[in-house]
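Q: Protein chains in written order, with the numbering used here: chain A, 175 to 317; chain B, 521 to 720; chain C, 2 to 183.
Zero decoy hints are in this set.
Here are some chain B residues pointing at chain C (derived, C-beta under 7 Å):
1) F588
2) K590
3) T594
4) N596
5) R665
6) T719
Hints in this document: simulated from the structure, not taken from any laboratory. Every residue gets a Cβ at the ideal spot worked out from N, C-alpha and C, and that includes glycine.
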Amino acid sequence: MKKAMILAATLFLTPILAQADVIQERLDSYKAEGAGNFSAEAGKKMWTQVIPFEKKGEMMKDRSCATCHNAVPNTPGKHAKTGKVIAPMTLGSVSINRKGVEEQRFSTVKKVEKWFKRNCKWTYGRICTPQEKGDFLMFFKSL
Amino acid sequence: MDRIIKQWVMVLLLLGSVMPAQAEEASQNILFTDLDFNIDLTNSSLLLADASTTPAGLSVPNIPDSAFEKPWFTENDLHMYLGLASMGMGALAGISAPDGYDPDLLNTVHFKAAKLSWQLGAAAVGTGLWAHWDDFHLEDGLLDRDNLHVILGTLGVIGYYLAVKGAVDEYNNAGYPSEDHASAGIFGGSAMLTAIVITW
Amino acid sequence: MKKVLLLLLAMMFSGQAFADEIFSTLFRFKGVAPMSNDLYNESCGECHYAYQAGLLPKVSWEKLMLVDELEDHFGEVADLDEEDRIELLNLLVDNAADTSFYKRSMKISRSIPDGVTLLRITEVPYIKRKHKPMTDKYVKNNPKVKSLINCNACHRQIDKGIFDDDTILIPNYGYWSELDDD
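Just chain A, same shape as in the assembly (with noise of 0.2 Å):
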């Protein structure tokens, strides 16, 4: 119940948050449902960290982060199947969005979290560990 509080107070606080602030706010909530201290390096380490990804038995290209994003993630990346443009992965990258309006890419709660969860499906076949979820955080933040 409290966590459910604590989330709804953040959902809706996030629209004055600064990215900078969002990302402290995840870190602090990835510790609070338990992980550890987090770590830039790890991060580093499991985002050029290739997965075999098969799928009904047909095996697909392996994946990793930087398949779609790039190896060096404050570079744009590439989507491997639309070909659409990802913007970097650093605090000050903007992207345009479709009304032609910049987007920060940490502005909200909501879209870092589904983002994770999207990603993590993709990548490994499953949603990723508050730990990781926050050694990633670090890691964008050292870039």
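Here the structure of chain A is known, so what remains is to put chains B and C in place on it, guided by the hints.
A: Structure of chains B and C alone, referenced to chain A:
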């Protein structure tokens, strides 16, 4: 090959509608003897295959989305404005219908607008077939809006034409037109209005 | 009479840009209904063009928006918050091709045989038919188009729900009317 058929159909249609009295028989003969609808289309697909091996043309500049501008006047526009103008002239003819007998009939707004309405209408049908040939697909059924548009639009022009022709015939034979031709005009107008509305 | 005509003509041409704006948007029902929902445009437009609901019938959207389907959305993970998913599903179903009065939506839904649930817009028979002239050189081998799923690469007024051929500009090839073969 498609385009050639398209061109011919349009030319014939224009000829057939602009000079119906003189060209009626001739155009029908041309339509039914010279035009072979079973033209082998494999030729055009061969042409396509050939073309695809040539390098991409780079002469056309890439225009980003935000800068897209429709060509200032397109075939579609021409068709639309001709149809609207025909509709408008039809309405003007209806409004300006004289109350009684006007000895100077051929110089009245009513007559001129009516005549123009069917001529513009015929041009609209022609440009419509030209510009929207690939929207006309009979397999979709007669209730498909594009197909209905073609039918009603053509009926509209025929209505306009019959109204003018009826009035002129009466004028030539009896010296003055009766009001009988109004029904054809009103039919034409409503058919054309419906045609425009359903595909607006 | 001639003056009236001249005036009409002058009005038509001088106001062409203005008239174009009016004629392309005012009470138009010949394309598909535009999508103005922010949640939709953001959630779907993040990865691909936010295709209008009127491009597929209800049954297709119902299937596409199932939790399991979104988990494997043509090979991509596209899961959504349950709240968002329901909202988007309702939006899509309410504006689906078979509930729309828009002309192209009606053509789309009429072209799909009964009992068939298509998941890909590019498999709709009407859309397939209309794109037959679009050979590989225009689409697949065209680096700025790549696939028919990138509708907006050529349909430049798609956001307004307009698909008329005079709003088509194919990258590297130009306007529809300028193509040398059709």
